[in-house]
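S.K.: Knowing the structure of chain X, use the given hints to seat chain Y on it.
Going line by line, the protein sequences match chains X and Y. Each residue of the first sequence is one higher than the one before, counting from 1 in the numbering used here. Each residue of the second sequence is one higher than the one before, counting from 1 in the numbering used here.
Don't read these hints as lab results, they were simulated from the structure. Cβ atoms here follow ideal geometry from the backbone N, Cα and C, with glycine treated the same way. Wrong hints could be hidden among the right ones.
With beta-carbon atoms standing in for the labels, derived distance ranges [unchecked claim]:
#1 X:Ser89 - Y:Ser137: 35 to 43 angstroms
#2 X:Ser67 - Y:Arg69: 46 to 54 angstroms
#3 X:Ser67 - Y:Ser137: 55 to 63 angstroms
#4 X:Trp2 - Y:Ser3: 25 to 33 angstroms
#5 X:Lys47 - Y:Ile94: 17 to 25 angstroms
Capping the alpha-carbon separation at 27 angstroms, the derived lysine-lysine pairs in DSS-like fashion look like this [as the list claims (entries may be wrong)]:
#6 X:Lys47 - Y:Lys47
#7 Y:Lys7 - Y:Lys91
#8 Y:Lys47 - X:Lys6
#9 Y:Lys6 - X:Lys103
Spelled out from the first residue to the last, the chains are:
Protein chains: 2
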Amino acid sequence: MWSFIKKYQNIADIMRDKGLAKVGDGLVNLCYSLAKSEVLGEATGEKVRDSVLAKALRATPVYHNISRRTDSGVAADAYEAVVAYLWLSGKTTIESMVSSLVKQLDINSKTSRKQEAQAAARAFQILLEELMVFLPSSST
Amino acid sequence: MWSFIKKYQNIADIMRDKGLAKVGDGLVNLCYSLAKSEVLGEATGEKVRDSVLAKALRATPVYHNISRRTDSGVAADAYEAVVAYLWLSGKTTIESMVSSLVKQLDINSKTSRKQEAQAAARAFQILLEELMVFLPSSST
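Next up, chain X with everything else stripped away, as it sits in the complex:
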């Protein structure tokens, strides 16, 4: 379906792709909005902060495919690129990603922003751990 996806040799190439990260930004925000809406029982939405996605990525083995001293922006882009790649290549669906996030997202209408960020980072970590198996083999 998506004619613009390139062939990638390894995970590192995917994680460095700024264009994929841009698609992934929209995808991650949409999935989080849907998951939060499901958990709270009413439509709502939120932009997921870089720090949340960076924390999620750093807690998984996927992180070792990028160079050590990356700031939150670069790590978040890498997370977004990986998720975009997996969705665009049909390895997962929005429904499936939202379902995974919902299971972990232990928040309610009284949860503080800080607590929500922690819950979100954990939920995105587990989502990536579930999706890791579909990535091409590591370059390392």
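M.R.: Below, chain Y without anything else, positioned relative to chain X:
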């Protein structure tokens, strides 16, 4: 699938729903990123500006369901809420919306930002015209 969607009596209620607009924000940005990626032949992404969605909405009959003097932010929210409602209730798919946008989005790597905004507004107008038939009847 989506347990959080409310029952809406008419279009005006949908267009006023701030929560739906938040979900729609992510959805519209993702669809535009995918359409632009398809047209340019490489992954890329963009946040669609309020002025673009406001212009698209104002060019369709759907606009008459909200009060006259709305600023761009309110009109863009109304556009996003309508699209979110239609997608969440299964009347359209991301693939179908992207396909509609791609057909109208006459841009290339040299198109100026201003020209792209015009092309995008037109593409979002036609998308909404195509989707209008799936909306509940007007309250007016």
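S.K.: Would you pick out the hints that fail for this structure and give their numbers low to high?
M.R.: none
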